[in-house]
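**Student:** So the chains spell out like this:
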Amino acid sequence: MAHVRTQIRERFKTALEAALPSLQYEVFASRRYARNDTGKATVDMAISNDQTQAREVMGAARVHVASLYIRVQRGAQETLLDDLLDADEVAIVGAIAAHDWSDILEESPELSQVNFTESDETGIAFGGIILRYDFGYRINKDDPETIIP
Amino acid sequence: MVGSFIQDDLATIFASSEFGEANGTVLWNGVEVKGAIFDNEGVEFQMGEGVSQIYEQPVLTAPSVQFNDRLADGDIFTIRGALYRLKNWLDDGTGVVEMMFEKVK
Numbered sequence: 006m007a008h009v010r011t012q013i014r015e016r017f018k019t020a021l022e023a024a025l026p027s028l029q030y031e032v033f034a035s036r037r038y039a040r041n042d043t044g045k046a047t048v049d050m051a052i053s054n055d056q057t058q059a060r061e062v063m064g065a066a067r068v069h070v071a072s073l074y075i076r077v078q079r080g081a082q083e084t085l086l087d088d089l090l091d092a093d094e095v096a097i098v099g100a101i102a103a104h105d106w107s108d109i110l111e112e113s114p115e116l117s118q119v120n121f122t123e124s125d126e127t128g129i130a131f132g133g134i135i136l137r138y139d140f141g142y143r144i145n146k147d148d149p150e151t152i153i154p
Numbered sequence: 126m127v128g129s130f131i132q133d134d135l136a137t138i139f140a141s142s143e144f145g146e147a148n149g150t151v152l153w154n155g156v157e158v159k160g161a162i163f164d165n166e167g168v169e170f171q172m173g174e175g176v177s178q179i180y181e182q183p184v185l186t187a188p189s190v191q192f193n194d195r196l197a198d199g200d201i202f203t204i205r206g207a208l209y210r211l212k213n214w215l216d217d218g219t220g221v222v223e224m225m226f227e228k229v230k
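As given, the protein sequences belong to chains A and B, one line each in that order. The first sequence begins at 6 in the numbering used here and counts up one residue at a time. The second sequence begins at 126 in the numbering used here and counts up one residue at a time.
Among the hints, erroneous ones may be present.
Unchecked claim - Under the rule of at most 30 Å between Cα atoms (straight-line distance), these lysine-lysine pairs were calculated in the DSSO-like manner:
| id | chain 1 | residue 1 | chain 2 | residue 2 |
| --- | --- | --- | --- | --- |
| 1 | A | Lys18 | B | Lys230 |
| 2 | B | Lys228 | A | Lys45 |
| 3 | B | Lys228 | B | Lys212 |
| 4 | B | Lys228 | B | Lys159 |
| 5 | B | Lys230 | A | Lys45 |
| 6 | B | Lys159 | B | Lys230 |
| 7 | B | Lys212 | A | Lys45 |
| 8 | B | Lys212 | B | Lys159 |
| 9 | A | Lys45 | A | Lys18 |
| 10 | A | Lys18 | A | Lys146 |
| 11 | B | Lys212 | B | Lys230 |
These aren't lab readings, by the way, just hints derived from the structure by calculation. The structure displayed is predicted, hence computed values, not measured ones.
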């Protein structure tokens with residue numbers, strides 16, 4: 006088994022790959038660094054923080070609340086870039102909303118923040134939309150690899 | 126307007142026999158640009174909270190005399206068979222203009 010956070014990132018990747026057209030998006034379950042543009046939107050993700058909440062139950066069970074940042078980056082004609090990034094959000098939000106998370110998360114992930122980034126240094130403009138999802142999961146404090154349903 | 130002696134030097138530097146693109150391979154709104162140097166270097170760039178990307182940075186450098194201050198935002202250039210849209214340009218005041226493009230996809 007892998008750490009539950011790893012399992013959760015893999016589930017996000019699975020959910021996104023099932024919903025996003027493979028000719029238009031390339032999804033990674035971890036953060037990516039420098040890469041050559043492939044013509045597809047790059048979707049990568051990273052959990053930036055993971056906090057154990059106050060003990061809510063007797064015993065060793067703990068609820069964790071974590072934030073996952075999903076980044077979608079693409080190159081496009083500059084006049085189209087913002088429209089495409091908005092469409093990316095529609096696609097990502099739809100994919101995550103349609104997925105069944107009941108066996109791994111306490112409830113469906115919550116979109117809590119959206120940021121943007123961009124660069125116009127090259128022959129096409131590049132932009133990114135960063136979606137922050139917060140979610141909770143429950144584990145035994147001594148076993149970070151196993152979800153408590 | 127720069128002196129003719131400078132224009133002569135530029136014509137030599139930008140000639141296709143030296144550093145310039147082959148004759149007939151650079152077009153500005155369909156009109157041939159005679160003598161131009163094209164750089165299309167792959168560069169890595171940062172986007173703040175994002176993945177570094179690598180993409181070409183197309184730059185065309187040419188004697189400015191043939192443009193007569195008529196370059197305009199959005200002009201279409203054909204270079205090595207590909208289409209580019211003029212984004213911005215820098216005229217150095219000594220007879221050379223450097224142009225930056227958006228690649229037409």
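**Student:** Are the hints correct? Go through all of them and say.
**Tutor:** Right, here's what the structure says about each hint:
no.: 1; hint: A:Lys18 to B:Lys230; in the structure: holds (28 Å)
no.: 2; hint: B:Lys228 to A:Lys45; in the structure: holds (16 Å)
no.: 3; hint: B:Lys228 to B:Lys212; in the structure: holds (10 Å)
no.: 4; hint: B:Lys228 to B:Lys159; in the structure: holds (21 Å)
no.: 5; hint: B:Lys230 to A:Lys45; in the structure: holds (13 Å)
no.: 6; hint: B:Lys159 to B:Lys230; in the structure: holds (25 Å)
no.: 7; hint: B:Lys212 to A:Lys45; in the structure: holds (23 Å)
no.: 8; hint: B:Lys212 to B:Lys159; in the structure: holds (21 Å)
no.: 9; hint: A:Lys45 to A:Lys18; in the structure: holds (16 Å)
no.: 10; hint: A:Lys18 to A:Lys146; in the structure: holds (26 Å)
no.: 11; hint: B:Lys212 to B:Lys230; in the structure: holds (15 Å)
Of the hints listed earlier, there is not a single one the structure fails to meet.
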